[in-house]
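A.B. asks: Using the sequences provided together with the hints, build the complete structure.
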Amino acid sequence: MAHAVPAAHTPGPRLAALRAERPLVQAITNYVSMDVAANVLLALGASPAMVHAKEEAAEFAHICGALVVNIGTLSAPWVEAMHLAAAAAQAARIPWALDPVGVGATAFRNQTSLALLAHRPTLIRGNASEIIALARLSGAAQGGEQARGGGPKGVDSADSSAAAIEAAKALARATGAVVAATGEFDVVTDGERLARIHGGHELMTRVTALGCALSGVCAAFLAGRRDPFEATAAALGFYKLAGARAAAPAQGPGSFRVAFLDMLAALEPSDEIDLVIET
Amino acid sequence: MAHAVPAAHTPGPRLAALRAERPLVQAITNYVSMDVAANVLLALGASPAMVHAKEEAAEFAHICGALVVNIGTLSAPWVEAMHLAAAAAQAARIPWALDPVGVGATAFRNQTSLALLAHRPTLIRGNASEIIALARLSGAAQGGEQARGGGPKGVDSADSSAAAIEAAKALARATGAVVAATGEFDVVTDGERLARIHGGHELMTRVTALGCALSGVCAAFLAGRRDPFEATAAALGFYKLAGARAAAPAQGPGSFRVAFLDMLAALEPSDEIDLVIET
Amino acid sequence: MAHAVPAAHTPGPRLAALRAERPLVQAITNYVSMDVAANVLLALGASPAMVHAKEEAAEFAHICGALVVNIGTLSAPWVEAMHLAAAAAQAARIPWALDPVGVGATAFRNQTSLALLAHRPTLIRGNASEIIALARLSGAAQGGEQARGGGPKGVDSADSSAAAIEAAKALARATGAVVAATGEFDVVTDGERLARIHGGHELMTRVTALGCALSGVCAAFLAGRRDPFEATAAALGFYKLAGARAAAPAQGPGSFRVAFLDMLAALEPSDEIDLVIET
Chain A
30 MAHAVPAAHT PGPRLAALRA ERPLVQAITN YVSMDVAANV LLALGASPAM VHAKEEAAEF
90 AHICGALVVN IGTLSAPWVE AMHLAAAAAQ AARIPWALDP VGVGATAFRN QTSLALLAHR
150 PTLIRGNASE IIALARLSGA AQGGEQARGG GPKGVDSADS SAAAIEAAKA LARATGAVVA
210 ATGEFDVVTD GERLARIHGG HELMTRVTAL GCALSGVCAA FLAGRRDPFE ATAAALGFYK
270 LAGARAAAPA QGPGSFRVAF LDMLAALEPS DEIDLVIET
Chain B
30 MAHAVPAAHT PGPRLAALRA ERPLVQAITN YVSMDVAANV LLALGASPAM VHAKEEAAEF
90 AHICGALVVN IGTLSAPWVE AMHLAAAAAQ AARIPWALDP VGVGATAFRN QTSLALLAHR
150 PTLIRGNASE IIALARLSGA AQGGEQARGG GPKGVDSADS SAAAIEAAKA LARATGAVVA
210 ATGEFDVVTD GERLARIHGG HELMTRVTAL GCALSGVCAA FLAGRRDPFE ATAAALGFYK
270 LAGARAAAPA QGPGSFRVAF LDMLAALEPS DEIDLVIET
Chain C
30 MAHAVPAAHT PGPRLAALRA ERPLVQAITN YVSMDVAANV LLALGASPAM VHAKEEAAEF
90 AHICGALVVN IGTLSAPWVE AMHLAAAAAQ AARIPWALDP VGVGATAFRN QTSLALLAHR
150 PTLIRGNASE IIALARLSGA AQGGEQARGG GPKGVDSADS SAAAIEAAKA LARATGAVVA
210 ATGEFDVVTD GERLARIHGG HELMTRVTAL GCALSGVCAA FLAGRRDPFE ATAAALGFYK
270 LAGARAAAPA QGPGSFRVAF LDMLAALEPS DEIDLVIET
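Respectively, the protein sequence lines represent chains A, B and C.
Residue numbers for the first sequence follow our numbering, beginning at 30 and rising by one.
Residue numbers for the second sequence follow our numbering, beginning at 30 and rising by one.
Residue numbers for the third sequence follow our numbering, beginning at 30 and rising by one.
Hints should not be assumed to be uniformly reliable.
Now the in silico label distances, taken between C-beta atoms and shown as ranges [said to hold, decoys possible]:
no. : chain 1 : residue 1 : chain 2 : residue 2 : range
1   : A       : Gly41     : C       : Ala121    : 56 to 64 Å
2   : A       : Asp303    : B       : Ala295    : 27 to 35 Å
3   : A       : Asp303    : C       : Gln280    : 22 to 30 Å
4   : B       : Asp300    : C       : Glu50     : 33 to 41 Å
Keep in mind the hints are simulated off the structure, nothing from the lab.
In this text, a Cβ means the ideal position worked out from N, Cα and C, and glycines have one as well.
C.D. replies: Put into structure tokens, the structure is as follows:
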């Protein structure tokens, strides 16, 4: 049964807390997203730190409020650091988010994504195609089909969010993580509850790495070990809202990105987001 | 004999086809250009994917529509991946573009550029100094002079496009590649035909990596294995046009970059570009 | 005794010289800052080149006008290249700037920062917390306290510029470098002279890597081997001025970054900066 978000799920206090606490978010993320992901977190009110060397990734994970691991531009030394940091986060009970960029496109991404699941991510966020691919690879989703072998779209989604709902639920149940599949609308689930978040704008797909940056935003909302389902839903809702607002002054993808950062900084806890939770 | 571009070279349909097909462009590019190169391709209507690990670069090259290899920020593991991806593209007859950033400045760049020529790039795009340096290094251009040893300008051109015409023709004949030397005006040649493209704006030199991003745009136009000389000329022409248009609203290099992305997205197949082909 | 900047310290001619000479600045910098650091240098009028492979870092250092080494995203191969480039710069008497990002946060950063001091940087620029941490690590500053172990803020400063003055002086005396601690206001010292630079805007802390980019700007002003104390003070003053001017048209951090680049390009040698030198 779908219903509007009840008072208990009002996300405003989560944004206010984030602004007050300014969580340190460690990001092991891809080269393409470094600039925009750091700027998105700063605009929102968090404190990003890109730390990915194997010599320090685990040490740093102990002092951060949350960790995000993004496999967008993999290499062997980084995979090692991802494991060290994720293991440290798990051991210290620091929330961490996995963004399995391009899983399904190459064997290296498939192997890495699956191996990282062993460290029990708090959240898995991807586009619909990635969530479907990871659910199949992990054995969480049925189908008899083989794991998708990539397809022509590389790191962009070829599937709709609606098509990913069952895979997301299965992946959540199999891993214990909250799972978010984002796209034209977003879905987030802990295997039982499901939230749908509407809003945003098509121009969000014309700016690189806004999905990667969103994973960092989710991590920032996870800091403080709040209920990860509700924290993620709040993160997605505020992100969609900033995207919708940024479209008004934008003349194209260049000015949209600029306005989007401005709108993230201008978000207020009293803003209403378009969030529907089904129980 | 120079003449205006005839009907057969009208580039509009090439842009329309790119928008319809949305080619997946694999980019092994430098760290400085990652953000802007991906955003330029997204704004134009292509689908970029930065994939450079040796574990997956060749596998991914098989599913992309075109590949661009840019040596701007070299390291040994990346050079290995460049060879793997270029060899895979050559074997699969997928067009690929080489951007020899800074060739002539260090021995490492010289060696890498020359070695990559063995995989028969479809296109070589550089600034005038880079094209002259690579032509000399490859033995394509005469002169008795040694290959340039760098000079004080690093990765920026110290030569004019006009000065690079003979080197570009010689390099094209020696390698079988289309060769483009871009700058105040652009020249592109397949060793026989020569096109000159005018337009653009001086502010394009005040934004980092717009040359690197242009190599990706050329690769996007090469996708579909269309005539690479005409495809490259179309790419250069549309890029110059967007640059000229972006100068009007710009207050400086910051706002120019924003407007340039907007103008790339706003390009129309019916737009006229300033292209002169000499036969 | 504090007094307004005398005629001998007028920084305008330094900006005019930079624009005329367009120094080649080699940057070994972190991934997050690559885009904005290169764009800041181009906007100002310098010529940036990001060259960090061990195979070419030292060779390239010989042809640059100045070098900046930034440890923001460390890894072992990069540390090797940092040493090679800094040693080459020292040997060739080319000025070089060290930006010890996040020193104090991890052992890897502490060890690397200390080891790089052996190559006698011309300038050390950091935020207040980094300067305090490095002064303690190097034994320059007293206190009996242990080196700071990081704290919750990662790469952002937890200390004020005023609190870093004594540490900056001690570090300058111990290393022979000019030392700058930047923040709400900036201080720069050669161990004897001290300059304070006011201006800027709070939005400068909401855009990633503007501190890293500032280290590159300082390096550009160091090119030509001018008095490094005065060159650094000029760099900091013009940077603050561009920041203050950019705040007027900005709607938030996104548009601030755009305007900041525009304002750097629009700086004039006749502009007055807010610089006070104490002797």
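A.B. asks: If a hint holds in the structure, say so; if it does not, say that too.
C.D. replies: Against the structure, the hints come out as follows:
For glycine 41 of chain A and alanine 121 of chain C, the hinted distance range of 56 to 64 Å is satisfied, since their beta carbons lie about 58 Å from each other. Against the hinted window of 27 to 35 Å, the Cβ-Cβ separation of aspartate 303 of chain A and alanine 295 of chain B comes to about 29 Å, which satisfies the hint. Distance hint check for aspartate 303 of chain A and glutamine 280 of chain C: the Cβ-Cβ separation is about 24 Å, which falls inside the suggested range of 22 to 30 Å. Taking 33 to 41 Å as the suggested C-beta distance range, the pair aspartate 300 of chain B and glutamate 50 of chain C conforms, at roughly 39 Å.
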